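Asker: Please put together the full structure from these sequences, using the hints given.
Protein sequence lines correspond, in order, to chains A and B.
Using our numbering, you'd call the opening residue of the first sequence number -6 and step up by one each time.
Using our numbering, you'd call the opening residue of the second sequence number -6 and step up by one each time.
Don't read these hints as lab results, they were simulated from the structure.
Covered by chain A, according to a simulated footprint, are these stretches of chain B (three or more residues, beta-carbon under 8 angstroms):
1. 76 to 89
2. 363 to 370
In silico DSSO-like links for lysine-lysine, alpha-carbon gap of 27 angstroms or less:
3. A:93 - A:334
4. A:395 - B:82
5. B:91 - A:91
6. B:60 - B:46
7. B:195 - A:334
8. B:93 - A:334
Predicted, not measured: the structure shown is a model, and the values here were computed from it.
Every residue gets a Cβ at the ideal spot worked out from N, C-alpha and C, and that includes glycine.
Number of protein chains: 2
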Amino acid sequence: MKWLTGETSEILTALNDNIQRTQENNQEVEEQVRQIIQQVIQNGDQALREYSKKFDQVELKDLFITKETIELGFQRVEKDVIAALEAAKENIVSYHQKQKQYDFMDTEKSGVLRGQLVLPLARVGVYVPGGTAAYPSSVLMNVLPAKIAGVKEIIMITPPSANGISDVILAAAKIAGVDKIFQIGGAQGIAALAYGTETVPKVDKIVGPGNIYVATAKKQVFGAVGIDMIAGPSEIGILADVAANPTYIAADLLSQAEHDTLARAILVTNSVKLAEEVEKEIYQQLQTLPRKEIAEKAIENHGLIILASTVEAMFTIMNEIAPEHLEVQLADPISYLHEIKNAGSIFLGEYASEPVGDYFSGTNHVLPTSGTAKFYSPLGVYDFVKYSQVTYYTKEALAQAKDAITLLARKEGLEAHARAVECRFD
Amino acid sequence: MKWLTGETSEILTALNDNIQRTQENNQEVEEQVRQIIQQVIQNGDQALREYSKKFDQVELKDLFITKETIELGFQRVEKDVIAALEAAKENIVSYHQKQKQYDFMDTEKSGVLRGQLVLPLARVGVYVPGGTAAYPSSVLMNVLPAKIAGVKEIIMITPPSANGISDVILAAAKIAGVDKIFQIGGAQGIAALAYGTETVPKVDKIVGPGNIYVATAKKQVFGAVGIDMIAGPSEIGILADVAANPTYIAADLLSQAEHDTLARAILVTNSVKLAEEVEKEIYQQLQTLPRKEIAEKAIENHGLIILASTVEAMFTIMNEIAPEHLEVQLADPISYLHEIKNAGSIFLGEYASEPVGDYFSGTNHVLPTSGTAKFYSPLGVYDFVKYSQVTYYTKEALAQAKDAITLLARKEGLEAHARAVECRFD
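Answerer: In structure tokens:
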């Protein structure tokens, strides 16, 4: 596991070199994705079937998953798993309801009314990855905020497989309230959602994680539809001092590391003693992990222990890292809230272990990765609404505004703008 | 001017054919921009100077515009223009302050605290186009919401010119409270903001309109930094019935048409009489417009008069168009607010002429174009903040959640997630 030590400025420089965040452009993938999107625009469902055969080795009869298939999948899932998903749903709903925003209307000036409407998107597409692992929790996290926002139709797509869609994914879709499911994956799935086909309705926004083809396709259709952020590897940053429990910290770091060999687990501390204990614990706990191979690679290649000189320096460094998940394992953690400038989801104290947020607390687990917490937010209800401004002026109010408007319009060389106001007074 | 008539469904189909919104990929521009960005990443300021020489025909001594230069520009601007900009600023500030959002904290469950922090971005870059026309109003519209959000540093860039930066742009930057100005344009300017150079600080988000090189560069750096929406040509949609004033409607349609030969002016009405009068008025008013040539081309190639059978059909059609600007010139316009599903900025009644919003009312004039009002919002304070989730659990609360968390984690094959929670109870 790599250690960074020294002056804060040296650590920040080393971090910048270590965390290479320049976006890699993979031109081959980009070109392939461009062609796939063009094919789907031109040939619709037929293109989707051909790509399913080619990429998923599945000859599709129906793209659409029927209500019966969903219900059968739901029935096959263990009752306690259903109950846990229902409990998670309840928490996700109660948290996200607090994010709801409301219209406002401003009547401060005589004869003038200015306002803002909060309107839900009409139709949203959710991409759910296929492959060996199924993540029903992600279905809840992507769908429920859209439901709370008031989105009328939620379309889920997921890659076809010879064995059919995973039961627990179908169950999660039912619990979350997905309206329609289609079995289509990859860039072709994103293209279908963005432009529509005979079978798949065009959506207004696409959310959900995927592999490099999915991510590249989302970037390419951006503008024709809205997209959520492009997700990178998972990240955790833990701030801890000598009083913290190394066992818990190691376990939490490993819970990120097991996601992906590119996952990044970072401890920032002012205690050499703690750092050493955590490192020892990590290698001990690693031994018995089923996903040992993945977690070990992640820890070896992307794990970091950073020794800062003071608690203040710890926060400076962590704010530069801008981690997706941030644990504050310091005494009286809430007293440090004000010091946090960049983090997707903050976990306070030794019992707010990060997996609580992945599965249960109700905060969203779709979070800004790779330092994008500097400018992106967790997925939320705000991602599924848009605002409309409203303006009303009486003739008297317009008369008072007229001179300023016509002066500025003419200064910008836009005479028709000036005349549009003046003609009201001819 | 083109007319669309018939059944609502026929009109919607014709609209889809008429308004081709598939994004054109210009691979040559994309490749050029990719190279420019790489050069700026590798060679920093030196690359910026070389591109200024090549593209702007300016040999730059300093990239940075000094406070003295800004002050001199400000002093040279007519006093009444300064006063009009100050008045506009006051309205923009009072409107956007209503958009401010606040932290929340939820303590519904015993031993659990869940919250959301609203944190400003640290540093934002604003692109201001150069060229013959200067748009000081756009400087206010891009900068002031960032100020209100609490952004600490606002960097403006604008292309260099042999005559220096326009005085009124410098004045608007001063009034809006820009922190630093650099004279750099094009894709190289966007690259400098996204990755930083010796002189230009790296920002967290880039906003502001620009030509195809600027727009393509913004799309390419998206992910390394945040960006605002990619702006297309200006659009206005007007809903009006037989009682509306054709002179006002024609003038408002022309105020959009004069922006750009690609600008789109659309009247949707249920009155043939009004439609004919508006068309006649448009050609009459066109004759004396300084920007007649531009406006005429826009009206001829992209102007639309749509005859709907009912008021309900008028709204159905307009919601499909999702115009950037929407005027409702119907009696008792506020009673129709609920019918509007997609529009950037809504103007109610015959005195809320659209230029009021461009220059004075205080609502933002940076708006979603080309139908993107279906999923995008006007530029606002919300574009310059991001949210952080906060979670705190006591040991007792975690004990109650433990079974659901570990069950779901193991169902997803993520054993280390389960153990991270369980180790707290060993």
